[in-house]
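Reassemble the complex: the two chains are provided individually, in unrelated frames, and hints are given to aid placement.
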Amino acid sequence: MTDPVAQLIAEFDAATERVASAIAGLKDEHASRPADDGWSVKDQLNHLTCWHEMRFFEVSRIARGGAASFPLTDEVGVESLNNQIVNNRRSLALTQVVADLQFARGKVKEALLSAPDISLSSFREVGPVGASHDISHAELIEAWRKKEGI
Amino acid sequence: MRALTTNQQLITELERSRGQVLRAIDGLTNEQLSIPGIEGWSVRDHLLHLTIWDEMRFFEISRIARGGRAGFPNDFSETDVDWLNDRTVEMRRRLSLPQILADLAYARDMVLQAVAICPDERIDDSLYEGIGLGGAAEHDRAHAETIRSWRKKERM
Chain A
17 MTDPVAQLIA EFDAATERVA SAIAGLKDEH ASRPADDGWS VKDQLNHLTC WHEMRFFEVS
77 RIARGGAASF PLTDEVGVES LNNQIVNNRR SLALTQVVAD LQFARGKVKE ALLSAPDISL
137 SSFREVGPVG ASHDISHAEL IEAWRKKEGI
Chain B
64 MRALTTNQQL ITELERSRGQ VLRAIDGLTN EQLSIPGIEG WSVRDHLLHL TIWDEMRFFE
124 ISRIARGGRA GFPNDFSETD VDWLNDRTVE MRRRLSLPQI LADLAYARDM VLQAVAICPD
184 ERIDDSLYEG IGLGGAAEHD RAHAETIRSW RKKERM
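Chains A and B, in that order, give the protein sequences.
Its first residue numbered 17, the first sequence is counted upward by one per residue in our numbering.
Its first residue numbered 64, the second sequence is counted upward by one per residue in our numbering.
Isolated chain B, as found in the complex (with noise of 0.2 Å):
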């Protein structure tokens, strides 16, 4: 068998970490996906959440492959990154469901479109700062797992 490039690592682990997100809302009612009931956001607001981070990290992967600079910092503190994630939240709260998982995928397509172009050399964690590469797997995952605590705390 054909070994696969990091590129290829990269898109399979991001796919699988997307399909994580997607069974973690499967059977969800709108209604239900609306409830703020995690820590003040609802399922949108996490699926939101997802969508505005890959949208940014799609412009970052773009940016490392040319040969740039990271234009996220590593010392971004936590109160702005909490103000900046409620901020972009709170402004797409008005959304259709149908959109939100529309723009979910298109901004995860633009980030798989940018990693499977973006040179093997310029694949590499160490040149990331605040939107990591890898980080995009696990930012899906955390999320995944925090819908599944709370259908299982509400029983849906």
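Next up, chain A with everything else stripped away, as it sits in the complex (with noise of 0.2 Å):
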């Protein structure tokens, strides 16, 4: 049988390997277009990282034998502390954005590899690796570079 973690990490190896692509060869100006949702390539990955962020305190506090910080919250709550945060990073070049998601990514993971024995179940908005999110988003800029012949 597979180890939960391991298996979490391996989906989120591969959710980390298809933002890189989705993003691959952009510059910042392409990234930094918005696209007609409003957000651009940049406020997409502000955004991953900033998840990625709460998620390692989130990890961390779970694998201590904490309750979940961050509940089953309304989407308007949500979508408001995502445009915040968003809004605040606009400015960050294109390189150091990609670098603050490596970071945050690597503490994630880096919290998840020395707890093996996490309970899983405990997690609600913020959940472990965030992989579908991480997807999703790679998705949206795929669909975005295509439509943009970028």
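It is worth saying that the hints were derived from the structure and are not from the lab.
Treat the hints with care, as some may be off.
Claimed, not checked - Okay, the calculated bits of chain B under chain A, using three or more residues with CB under 8 Å as the criterion:
#, region
1, 127-140
2, 152-163
What the hints assert, rightly or not - Over the 10 Å line for every Cβ pair with chain B, so calculated as not near, a few chain A residues:
#, residue
3, Phe28
4, Ala30
5, Thr32
6, Ala51
7, Ser96
8, Ala109
9, Asp133
10, Ala159
11, Ile166
Said to hold, decoys possible - Beyond 10 Å from chain B on every Cβ pair, some chain A residues (computed):
#, residue
12, Ile25
13, Arg34
14, Leu42
15, Lys43
16, Ser48
17, Trp55
18, Arg77
19, Ala115
20, Asp116
21, Pro132
22, Ser137
23, Gly143
Built from N, CA and C at the ideal position, the CB exists for glycine as well.
Below you can see the structure in the form of structure tokens.
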């Protein structure tokens, strides 16, 4: 039987690759261009970073036997939080945006690897790896690039 | 005596200011800690709030240590900060006291670790914006003072 944490990390790595592939070759200028929904590729990446930053502390908290600090909450509240945080980071350069994402992901992976017996059922809004979240944003980026021919 | 490095000075300051917070809550029962008597916030809420800012601070210090720019700007309005504070504290209000204290200690420990490995030239408050570097100690002291004043007023 596959170790659940090892399985999660495999999903996490696959999602990381998918996002990297979705943004491959993009210049800062392209990555800063807002799509129809108002968010640019950089915004999407900053958004992922922010959730991985929260995830690192959430994984650490649950690994120590604590409860999730981010309960399942209303969509409007989450959306406001997302917009506020993305607005904060909009002016950052693409190189930093990517570096911040890598750093946050590295911390999540480190926290998971040091907690092989973590209670996966304790997670709520912030999941242990966020692989499907990463992939859904990679898909948005891929679709936007296809539409824009970039 | 060997002079302290900037990192060590900051770590010492952060440890002292956190000591003030812990002394400010010393002896309070969970019931007393839960009274929403400080402009709608309880002492537990103040501790949650300090944890949340240290969690953000850890990543902000790490970002700047790696040569990046602040991810939390100065032009974040007071209304937005208040909204963020209220929202994040509200989400954690149901946590148990032992967890609140453990999370508080863990987040501060992460900040201290980030400061310890931050290059000297990046231990510079001018590189920080909405989440200040030295501001962590000031933030602790301000909340410790708020809690002490409330205890004095309530004779606890």
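Evaluated hints:
Closer than 8 Å: that is the beta-carbon criterion, and the region 127-140 of chain B has 7 residues meeting it against chain A, so the requirement of 3 holds. Figure legend: the region 152-163 of chain B, annotated as covered by chain A; annotation consistent (6 residues with Cβ-Cβ distances under 8 Å, at least 3 required). Every beta carbon of chain B lies more than 10 Å from that of Phe28 of chain A, the smallest distance being close to 18 Å; the non-interface claim holds. Against the 10 Å criterion, Ala30 of chain A stays outside the reach of chain B, whose nearest CB is about 24 Å from its own CB.
Once the 10 Å rule is applied to beta carbons, Thr32 of chain A is consistent with being away from chain B; the minimum gap is 18 Å. Distance to chain B confirms Ala51 of chain A as a non-interface residue, since its nearest Cβ pair spans about 22 Å, more than 10 Å. Distance check on Ser96 of chain A: its Cβ comes as close as 8 Å (rounded) to a Cβ of chain B, failing to clear the 10 Å threshold; non-interface status is violated. Not every C-beta of chain B lies more than 10 Å from that of Ala109 of chain A, the closest at about 8 Å, which undercuts listing it as non-interface.
With a minimum CB-CB distance of about 18 Å to chain B, Asp133 of chain A clears the 10 Å threshold, and the non-interface call stands. No Cβ of chain B comes within 10 Å of the Cβ of Ala159 of chain A; the nearest lies about 27 Å off, and the non-interface call holds. At the 10 Å boundary, the C-beta of Ile166 of chain A stays outside the reach of chain B, the nearest C-beta of that chain being 25 Å off. Non-interface call for Ile25 of chain A relative to chain B: holds, since the shortest CB-CB distance, roughly 21 Å, exceeds 10 Å.
The beta carbon of Arg34 of chain A is kept farther than 10 Å from every beta carbon of chain B, the shortest such distance being approximately 23 Å. Against chain B, the non-interface label of Leu42 of chain A holds: every CB pair exceeds 10 Å, the least being about 19 Å. With a minimum CB-CB distance of about 19 Å to chain B, Lys43 of chain A clears the 10 Å threshold, and the non-interface call stands. With a cut of 10 Å on Cβ distances, Ser48 of chain A stays outside the contact zone with chain B, its closest approach being about 15 Å.
Chain B leaves Trp55 of chain A outside its interface by the beta-carbon criterion, the shortest separation being 16 Å against a cut-off of 10 Å. Consistency note on Arg77 of chain A: stated as away from chain B, yet its beta-carbon is not over 10 Å from all of that chain's, at 6 Å minimum. Chain B draws Ala115 of chain A into its interface by the beta-carbon criterion, the shortest separation being 6 Å against a cut-off of 10 Å. Non-interface status of Asp116 of chain A relative to chain B is broken: a Cβ of that chain comes within 10 Å, the nearest being about 6 Å off.
Its beta-carbon lying about 19 Å from the closest one in chain B, Pro132 of chain A satisfies the requirement of being farther than 10 Å from that chain. No Cβ of chain B comes within 10 Å of the Cβ of Ser137 of chain A; the nearest lies about 17 Å off, and the non-interface call holds. No beta-carbon of chain B is positioned within 10 Å of the beta-carbon of Gly143 of chain A; the least distance is around 16 Å.
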